[in-house]
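Engineer: The residues making up each chain are set out below.
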Amino acid sequence: MANGICVFAEHYNGNIETVVAELVSAAHFIKETTAEKIMAVVVSQDCETLIGQMGRLDVDEIYAVKTESDCAFQDDALSSVIADMIREIDPSSVLVPATITGRSVFSRVAAKLGCGLTADCTELLVGTRENGSYYIKQNKPSFGENVFVTIVTKEGCYPQMMTVRPGVYTPYEAKEEKVPEVKYLDIKAPASKVKVVEKRPAASNADSILAAEIVVVGGRGTEEEESFKLLKSFADSLDAAIGGTRPLVDTGFIPFEHQIGQTGYTIRPRICVSFGVSGAIQHTEGIKDTKLMIAVNKDEEAPIFNIADYGIVGDLNEILAKYLEK
Amino acid sequence: MNIAVLIKQVPVSNDVSVDPETHSLVRASSEGMINPADLNAIEEAMILKEQTEGKVVVFTMGPPEAEKALRDAMALGCDESVLLSDRCLGGADTIATAKPLARAIEKYGKFDLILSGALSSDGATGQVGAMVAEYLDIPHISEISAVQYDGADTIRAVKKYQGEEVVMEAELPALMTVCFGCNEPRLATLRTKRAAKNKPLETYTNAELQFDAEEIGIKGSPTIVTDSFSPERTRRAVMMTGTPEEMAAKIKELIEIEKGKN
Amino acid sequence: MKKKRIGIIGGGISGTCLGYHLSLYDDAEIIVFEKNTIGGASTAKSAGTVCLFDDSLKNRYWDVRLYGFESYLKMEAEEKGSAGFDKTGTLVVATNKEVESVIKTGIALAKAAGYTGEYITDKERIKEILPDINTDNILGAGYTEDDGYFDGTMISNTYAKKLQANGGTVKTGVEVTEVKVVDNKIKGLKTSEGIDYEFDVVVDCTGPWSKITGDMVGVDVPIWHTKAEAFFLCPPGKKLGYTFPVLKYPEFYALRAGDNIFICKSHLSMDLNNPMHAGQWDPDKLPATGGTDDYFIDFLLDQLDEKVPGIVDSGLVSSWLSYRAEPKDFWPVLGETTIEGYMVATGYGGNGVIEAPAASRDLAKLIMKGESTPLLENWAFSRLVEK
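Residue numbers (the numbering used here), protein chains in the order written: chain V, 1 to 326; chain E, 1 to 262; chain Z, 1 to 387.
Don't read these hints as lab results, they were simulated from the structure. Keep in mind the model is a prediction, meaning the values are calculated, not measured. One thing to keep in mind: the hints can contain errors.
[Said to hold, decoys possible] Taking lysine-lysine pairs in the DSS-like style, the calculated list, with each CA pair at most 27 Å apart, reads:
{"id": "1", "chain 1": "E", "residue 1": "K219", "chain 2": "V", "residue 2": "K112"}
{"id": "2", "chain 1": "V", "residue 1": "K322", "chain 2": "E", "residue 2": "K219"}
{"id": "3", "chain 1": "V", "residue 1": "K199", "chain 2": "E", "residue 2": "K219"}
{"id": "4", "chain 1": "E", "residue 1": "K259", "chain 2": "V", "residue 2": "K229"}
{"id": "5", "chain 1": "Z", "residue 1": "K171", "chain 2": "Z", "residue 2": "K127"}
{"id": "6", "chain 1": "Z", "residue 1": "K161", "chain 2": "Z", "residue 2": "K3"}
{"id": "7", "chain 1": "E", "residue 1": "K252", "chain 2": "V", "residue 2": "K291"}
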């Protein structure tokens, strides 16, 4: 009978990722109802160091596989090892960080095990079936953040596997160090068909409003040369691309390729900070799927505040000047 | 090099709400489009096609209306297309989506490379690509921002990871999922739109795919959606007030927090 | 002084422009109700061409055209960008004698008003203005460098600001859910806020929604929807080496939008009896982008291949579909209806940006002073009611 809440101890460059402690918080929450053990799985060349970093997570058991080489980015090999581990551990649930690595590796694990994988959960709740067995209600956003859906792994289908969005749960930290029971499993990683050739510093994306992670958008309020200079310095400090609405493009400060909206491009940056954009439909149609959107505008009725996450009513010149002072 | 591209038709608008009574989805518009990141995958395929010759076949699974997405993809230069469409495939989760896609690829022909967008703009699970690779038993590299191919039996890709670019090499055949924004997708023209109407489109139903009923659709999905609801937090901004100095600090703090989420 | 209470349904170009013209009267108390954002629906999809002598409005209504154009020039002069003016000039192509004569009359009117304008038959000169054009099979073209296109959303927002400065109220995100009529007379309306308002006059400025709005009071507003299908094109070389003017053919028109070209089927080329062109649809279901029909691609490809071959291989950046509200005779519907106090300012059929200023000026006079004008009589609701 499947039992236990299993957390994938993702790591990179010799460090357990912070998100693992967050997932352990979620696991403790589930444990309060189901009273299952919390387990962590770790796959590494150097398991000892990583296990040493998990002393304050208050997990009951750690399952480890020591690999002969560094398997980072070898998602085919990693998924094979992890699938074998899960078969052996037979947990009722597996919590995975919703990260590039987490979703890549566990998509393969899910296919190998024939179990599902719910993506990007922001809330995990425990439900009870009529026969008294527990199940996890996996809540996740869909269609941007416009809808939340509850996903449930079908009865009898184990493990219930899900990725959980980083930053949702507070990292778990027990008051005292505790040495969990560590079990090394004798599983061999198969040869990977992927290898890492080189790592190099990432180039800046700031010249492309489509590729940039952060985009700073200027509207009518940044048409004056002084304001635009502040906007530019702000963008440079964040390695952000500058996008603009038509008024700003008309001034010639930014090229048409950086015009956002129905006549220009639709951008999907992770972070968007807008200054002096009122938010008429032509502009807001051009900004989608942001994780964080901050809008600064002097008009508190500006429609941009309907689509932003955070709104600041104020003078963009003063705020930018203060920001850049530091 | 023959390339398969997996695309998804997504709603033009994510303006979707939930009926508080029935909990069913209310869509502002039914208009569909090619998922934005899939356009970047198509663009990578086009660049490789120009470099290596060979053909590009685009696959999608969906209702008959998803033909529009395939025609749009062919207007961008894809040569042929396959629509997996059958009522019994409907309601599938990522597992039950990846299985038929993998089988359709195998059935259609031999491909050296399979590309897809990294994440969709609606579900955003980022899973189907890697699952297809697993079902085909080939390596994959997910969420890449560039592909380099020099004619050998391996292919290189660049993955942005924690502030670095990781260059990787995979043995062919392989699958890659391509990030949104990593290239500038070409545009269709009126002429290529018209030409796309006459390019080959095959429809696969389960008669061709030959799955047992328990393997696909809702029955073949290990996970099910049991409820949907509107978020408590609406998109109406949290308004903040204070001195310019305080506001500047707040902006800094919010950006730092989001950046820290990896 | 007892004020006249006026409720305006719809915050597009029609509603905000009427609200502004009413706000010039001291004894008007105005509230504009907009269920979404100001100038955000069909107005946002308007090309905003207000040209001195194109084919959009008969020369018979020259004063309407001139009043609209000069209202926006004045707005733009007061605050740059407030009307979104892009002075690209306009080239109106004559493909037959009839069009040629209309253009020539239009040029004469423009010149009489102090603007430049000329009818060009030298095909080399036409090609200098628009290098990508094919001058075979055309007679000539009218050209002025004084006009261009405006931004309907900006104009609506400017009117909204002005009417608020004059004491009026604008409520956005508020939908009118009920219009109250007692003894065939307007009493007021109810909104999605759950508030009851009392009004002496309620004006329907909802354009493509007018049928739905009219249903709330039992007035059948005789409008149809015609499809305004538009594309944004990215020229083959990405940047044109010249200023692309507003370009008018009887079948379509085009204008620049940044480095791109906006192109749309003209409203007079629509056939109300063709189900591809016209019908009764639900404007709430219109997507913000996309939605165009396949036939439009064929239509445009053939048109551009023949007429502007230099841009036919442009990239399709985006497209949109908008519904124009058109009565059978393609003229607006203004003024009193069968319900006392219930008025309409709708059916502009894609010409709202051009026609709203003059129509609102006259309608405000009718509402506040009870005085009708020749324009209102020509465009009266009563003309469409079966006798």
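Engineer: Which numbered hints does this structure break?
Structural biologist: Hints 2, 3, 5 not satisfied by this model.
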